[in-house]
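Quick note, the sequences are listed as chains E and G, same order. The opening position of the first sequence corresponds to residue 1 in the working numbering, with each subsequent residue numbered one higher. The opening position of the second sequence corresponds to residue 1001 in the working numbering, with each subsequent residue numbered one higher.
Taking lysine to aspartate or glutamate pairs in the EDC-like style, the calculated list, with each CA pair at most 20 Å apart, reads:
{"hint": "1", "chain 1": "G", "residue 1": "1072", "chain 2": "G", "residue 2": "1030"}
{"hint": "2", "chain 1": "E", "residue 1": "108", "chain 2": "E", "residue 2": "30"}
{"hint": "3", "chain 1": "E", "residue 1": "108", "chain 2": "E", "residue 2": "82"}
{"hint": "4", "chain 1": "E", "residue 1": "108", "chain 2": "G", "residue 2": "1054"}
{"hint": "5", "chain 1": "E", "residue 1": "108", "chain 2": "G", "residue 2": "1052"}
{"hint": "6", "chain 1": "G", "residue 1": "1072", "chain 2": "G", "residue 2": "1022"}
I should point out that these hints are in silico values taken from the structure, not numbers from a laboratory.
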Amino acid sequence: MDTAMQQVNMYRYDEFDTRFLTERVAQFRDQVARRLSGELTEEQFRPLRLMNGVYLQLHAYMLRVAIPYGTLSSMQIRKLADIADTFDRGYGHFTTRQNIQFNWPALKD
Amino acid sequence: MSLKILTANHLSGGHVVFLGDDRNWTGDIDAALLAGSPGEIAALQDAGQSGENDNIVVGAYLIDVARDETGKIVPVRLRERLRLNGPSIRPDLGYQGGNWHPGFYQSLYQSI
Chain E
1 MDTAMQQVNM
11 YRYDEFDTRF
21 LTERVAQFRD
31 QVARRLSGEL
41 TEEQFRPLRL
51 MNGVYLQLHA
61 YMLRVAIPYG
71 TLSSMQIRKL
81 ADIADTFDRG
91 YGHFTTRQNI
101 QFNWPALKD
Chain G
1001 MSLKILTANH
1011 LSGGHVVFLG
1021 DDRNWTGDID
1031 AALLAGSPGE
1041 IAALQDAGQS
1051 GENDNIVVGA
1061 YLIDVARDET
1071 GKIVPVRLRE
1081 RLRLNGPSIR
1091 PDLGYQGGNW
1101 HPGFYQSLYQ
1111 SI
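Bound conformation, chain G alone (with noise of 0.2 Å):
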């Protein structure tokens, strides 16, 4: 059974965000929704539409997850990890290299 989870983009804020158990947006995966039948994969989509009718996301799309050995999420493709872990080049530059904007925690903690 492939996993599916739902990503998208932080409407105000920019950052990647994933579809939460609670159904809210959150940045963090092992948060995120898992779907697996249609029906949930179906449930998925339509969350994702009612975030981007509500203003909070933009871009929201389903994207492929599995366990790793550890039985952590993880995306599959190279592309969703990126987009999880931040640039490969220069992390010190990327979501890992901390040092934020004030604007971008508030945008955080404002709809998620």
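With the rest of the complex left out, here is chain E (with noise of 0.2 Å):
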């Protein structure tokens, strides 16, 4: 993976950064299983899932995923279609921020 992302000049994510995201990660999934026990309100989660991408809208939960510098290598790409057909209804949508958007998420998943 490394050798590809070399290859290609892209972003990679140093150590700071790994560590960074996997503890906003394990913060952020419990925060949501607080939230599904009730132990949090939704006006005590709303700021909090705000702050990770989680939007309430017309229709369903919208999770935005910012993408760094816009740039995503193959792997990623395939991954992000995974969750796609896995959590949400096979597609994403890519704003014009450089996020792609999940329209259909559930907040369990």
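Hey, can you piece these two chains together into the complex? The hints should help.
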């Protein structure tokens, strides 16, 4: 994976990035669990989910995934496609801000 | 007499639900509990509050509905009709398009 990234001269996560992401993901996973169990109310949860890109819209939740520098390797884009197939409706929406949005995820996922 | 029903989003799944006749939450508007009198409306709001307290739904609120020419219940506001029927742009990507992920079906059957 590293070799492929080097060849394409892409941005790579350093140790700090990776650690930060891992901790942030664990933290949000815990917050979601506490919301689903009722330990957190929607008022308490809303600012937390908004900081992690989870919006509650007209039809469903929406997950916004930020793409650093708007650049994706083939492997990354395939993984996003897998996520869309497994947890959403088989598509993603690339925004004008170079993010990708999933329009139909379940909170529990 | 203006008719109202209660709508919300399913907490875990995110999809649109209505408070049903049997006081459960359903995706089917035809099964929604209708309220006309102030007492019935207050009862709807109470049920919405308890749905939120029980962590089944989020953001319960009342909407106006009416009967169309066939007698079917339809929401009055366009916003609510969009919420019921799915997006009007790219309906192949909306509710109407099918192809739901497994978690969606699971969340439908969980507490409805």
